[in-house]
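Trainee: In case you want the letters, here they are:
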Amino acid sequence: MESEKSLLIVILDTSLTHDVMCNNKIRMSEYLNAVTVFVNCHVMLKPTNKVAVVVVDTIDCQFVYPDNNLSLTSLRQTTGQCEIFSQVEYSLRNNISNFISQNAKKDILTTEPLIGAACAKSLCYISRLERELEAGKSLNSRILIITGSDNECDKYVRFMNIVFTAQKQNVIIDVCSLEHDIALLQQACDITEGIFFKVPNLSALLQYLLWIFLPDPGIRKKLVVPPPNRVDYRPLCFCHRELIDIGYVCSVCLSIFCKFTPICTTCEVVFKTPTPLPGKAKKKKK
Amino acid sequence: MSESSSKKSSKHDLKSKTLHCKNLHEYLKTLSSSVLDRLYIHPITCLAVYRELSEIAKHYIIRIIFVEQPVPQAVIASWLSKAYAKEHKEAVEALTELKIWKESSVTGGLPVWELNPVFKKHIRVALLGGGKNWFMSSHMEADTKPRDIAFLDAYAMERWECVLHYMVGSHQQEGISADAVRNLLHAGLMRCDNDGSAIITKEGFQFLLMDTAAQVWYFILQYLSTVEDKGLDLSLCLTFLFQLRFSILGKDYSTEGMNDGLLIFLQHLREFGLVYQRKRKAGRFYPTRLALNMAAGQNQSDVSIREGYIIIETNYRIYAYTDSNLKVALVGLFTNLIYRFPNVTVGVLTRDSIRTALRSGITADQIVGFLRMHAHPKMISVGSSILPPTIVDQIYLWEQERNRFNFSEGVLYSQFMSQNDFETLRDYAQDLGVLVWQNERKRTMVVTKSSHDDVKKFWKRHSRGNS
Amino acid sequence: MSSISIKNPLPKFSVKGNTSPDKWEKWKLLLSKSKGETVKSIKGTPSKEIVFCLNDTILCHSLSPDERRYSQAEKEVLALVFVCERFKLFLLGQKYLSIMAVGMNDIKGYRWESGYEKSWEEIKENEKGLGFSALTESLALLEQKKKKQNGKIVRLGMMRHLNIIVDFSDAMLDQDLKPTRQICTLKLVQKFIKEFLEQNPISQLGIIVTRNRRAEKISDLSGNSRKHLQSLEICYSSNYCIGEPSLQNSLELALSSMKMLPSHTSREILVIFGSLNTCDPGSIKDTIELLKTHGVKTSVIGLCADVYILRTLCNVTGGQYHIVLEDSHFQELLLNYIKPRSVSKDCEATCVKMGFPHHSEKLPSFTACMCHLDDNVMNKVGYFCPQCNSKYCELPVECKTCGITLVTSAHLVRPLHHLIPIHVFKDMINSPDNNSQCYGCQKRINECMEQISVCNDCKQIYCNDCDEFIHNLLHVCPGCAVLIK
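Residue numbers (the working numbering), protein chains in the order written: chain A, 1 to 286; chain B, 287 to 753; chain C, 754 to 1238.
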């Protein structure tokens, strides 16, 4: 008796960058429609499939589905659409437009969407559902991040903490990038065994979503999916923000520098002057 | 030599036939294509059919649902890695059988799969919206006395157990209509005794041990096969059932716009507890969990309806934490009950008790399935195997004990004149693979019945050639 | 602490035993002179007897069947009486001090010193069934303590070198841990190694076993968990545990591999010790002093009674000494060592040169990697040392050719949450008419338990479960992640 539920959390970035919007590659409404249909397709696959949607921009992040405040019975069907789907669609439409109009009034302090915060929230939500599971059931969860941002979007340490937690909880992180190759998110996918995919043609966004991100990890093994890209794990040095091959690491706070410095700029510890040759030689021997 | 043929007695097969409950796919295959076409007009049935497909097939459909042209077969085959070619074949077969797509070819002779346009159109409606609204969801005022989910569950269980009670003969005859009885008789779950009262059959026992969702589905299938005799429209009823399946628990729906036939159907469903209606003419109804779970199959049902109540220990003791006479009676089908307390009944599994159950037509599979299904949450939380493996093995062993003999029909050849003749014929039969048994010393052999003619002909030719 | 003062000098004797009731049969009485400090450990026989020793005199007393049924405290008193009678000649006219050590509980003092406990009254019925209220209380206390510790920022040793010394003497065949001490320990150590290297990717581990009066290094200091786990496999055989352990030999061996390490790394030894005795070639005191001067923190997890010398070892070198109660407690104790230990402020810091290799884009052919040179395995992909271009199939690793440590940025980030722990949330009382939701899991607050928490920085409300999840696993407060600083 296998009773596996499958939970998909979609993290939806509404702070589409200037570039995406102005060049008219995709309109906001098209974008939202594509995601709504995608979410509904996941629900359609199996009755045990669950879905949650978190919307995120540069100011805030918020769960838009499931919606605790939506009453079941208030909705009456007006078209031939199945009720479960219209419920999803209704709450997405309502809550996202509320969310956007709310945040439009606030000042924009940064251009980076708060994907880390949204992931952290999602992991909390997943851990709650896992706690509430009935005995003998299991939950497969994954997070799909759809974003158009080009930034390194978050604080590296914080985001990596989230990724490691996801890895530990067996949560897969998939990323659908609308525009850019984002190194940080690529690492996240690589660590959690998810897929990172950059959409080459935005007008066919829905098709890409359905093809690549709809299949569950179990069935992905059977389907032919694009091969994983090589992920670059080289760090940026703290001093010049450049990718480095060989660096110097502070033994106290693990900050990375591209040249030897006498004082760590992060934790202000004074380093022992390097007489590295004897020490190194010994280290080799052992 | 004289060829005397004696038939090994073909006693009736001891293995009882198990009650087979068709799933939706198998059921739909039996329907005529015109009914299928009429069904696909409703978005909701498209959805129901879609959900029953295999996982691979589902992804095939979803990938081509928004593609306007037919898709070359080779393209679809390339979606799945080579190691899973068998699953690909099954998926393709299922889709063809259900007439969801059909084979055709475009100019140039490229074989393509073409999605059934009716299906394509309506599943899109179900997913995206548009089209006509459902006939049961027209607008109405909020219910003044809304019913909560707990109430609906209790109601559904009470109604359904009424039917089961009737079957076990727990003397609670009130509350079940002549229609339902007729349906039980029709399904072969009960039969009329000499004095006209209905008694339970072997199939009935097996029915009792199925899980609730399967019971309801089996029962409804039987009901549907008679529905046309009652003057109702089969496709309409099916569509209505599917709508119930995709409705939301705890929400009320309107009966407005339903024709008389459907209203009658609704009343029948009400009797079995699939829907709740306060009064016959209330104008609104609530679907219950029974309707939602129907045919969903065990691993798919989203919400389980009842708590498990059985604990089994490795010392073959069974503790059933229940007050219900029905549940105790069900457990009693295959256990020796020892004690009965206000909230718990204690029994023990013995060889005799299991054999009694096996004799009445229940299979070991069903017993194990029943125990697993109703296992107490405490047992589920313990480990991966819910039941103690020793108990499961022992139940199967007890079943196998009864099947020590294999009966196969055959024809006996004996009194061969020479060893040589015997060996010739035996080798011939052996080569054909029809030899059942032989004894060289006594010069006797048995071949299967179906090959008797062949062997006889060969023997005639052989003896003619010799003479 | 009971002391009878008569005259100097003070001979000290201690009764050693174990707290867990099922081990009451097996306990020891140990006597030693306070000044001379010649502590004698006694061979750990599963005793139905009391063993005493004063300097070099050993005395045994077999318990009669009646005495065997004595409770722990009664047995100790019996021992006292017995000792006083037998050693009368030595003790008369002297001031002496009795130290009775049972299990260990530093804070509360020894059990027999507290008043008569009506332990059955502590069993209270709660919604989960029967439970020791004192036990749950103390667990809650522990949890709070943990929380508080998390909040404090201390300097931690991030690059750790840890030698694990595992006792495989015949005492490990005892079945008080299920199925045997040996198997139970091995299982937990394997789990520990995996978890340790996952959480501390730039740290290194080594394994030393001691049995038959010898110490043997079965796995060198390295960051490769696969190799460690492999080398532990041989320890599973049932006749692996023989003879007596040698604490001194194994400590010396561990020290020799750590002496040469650069000064910025933290050096630690973790001893898992199952027997009550050790067979040493020289004075162990010297070894302990040596460990201290080299700054090697030594911690011990004991599987049976509290042993004096082990306690001294831990106290002197700044480690911790714990006695396991049962396997789950054992696991908890072990997993505690995963977190980096704090180091003193004056510990030297250095800049360590490290290489950050990346997957090569295109490879011409199959090549062998440095880690599998002996196995003749060729593969296409791998990481290349940026300094000398040697190929490795796994990271982190120390380059065999040029000695540089090869890591990825993810490895460096992994242990960082120990350095920057998130603040403890403030507790708040829940009210049923609170209409808001938990900021993490979206659960309605009025459906939650009575206690809820609020983050001091972002003022978001969390349910108890999320609080725990955030502090123990996630190490990120979702609310604070939204705030832009």
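Calculated from the structure, these hints are not laboratory results. Any given hint could turn out to be false.
[Claimed, not checked] Which bits of chain B does chain A cover? Going by a derived footprint, with three or more residues having C-beta under 8 Å, they are: (1) 354-367; (2) 520-534; (3) 613-624.
Please read all numbers here as calculations on a predicted model, not as lab measurements. Cβ atoms here follow ideal geometry from the backbone N, Cα and C, with glycine treated the same way.
Trainee: So, against the hints stated earlier in the document, which numbers end up violated here?
Mentor: 3
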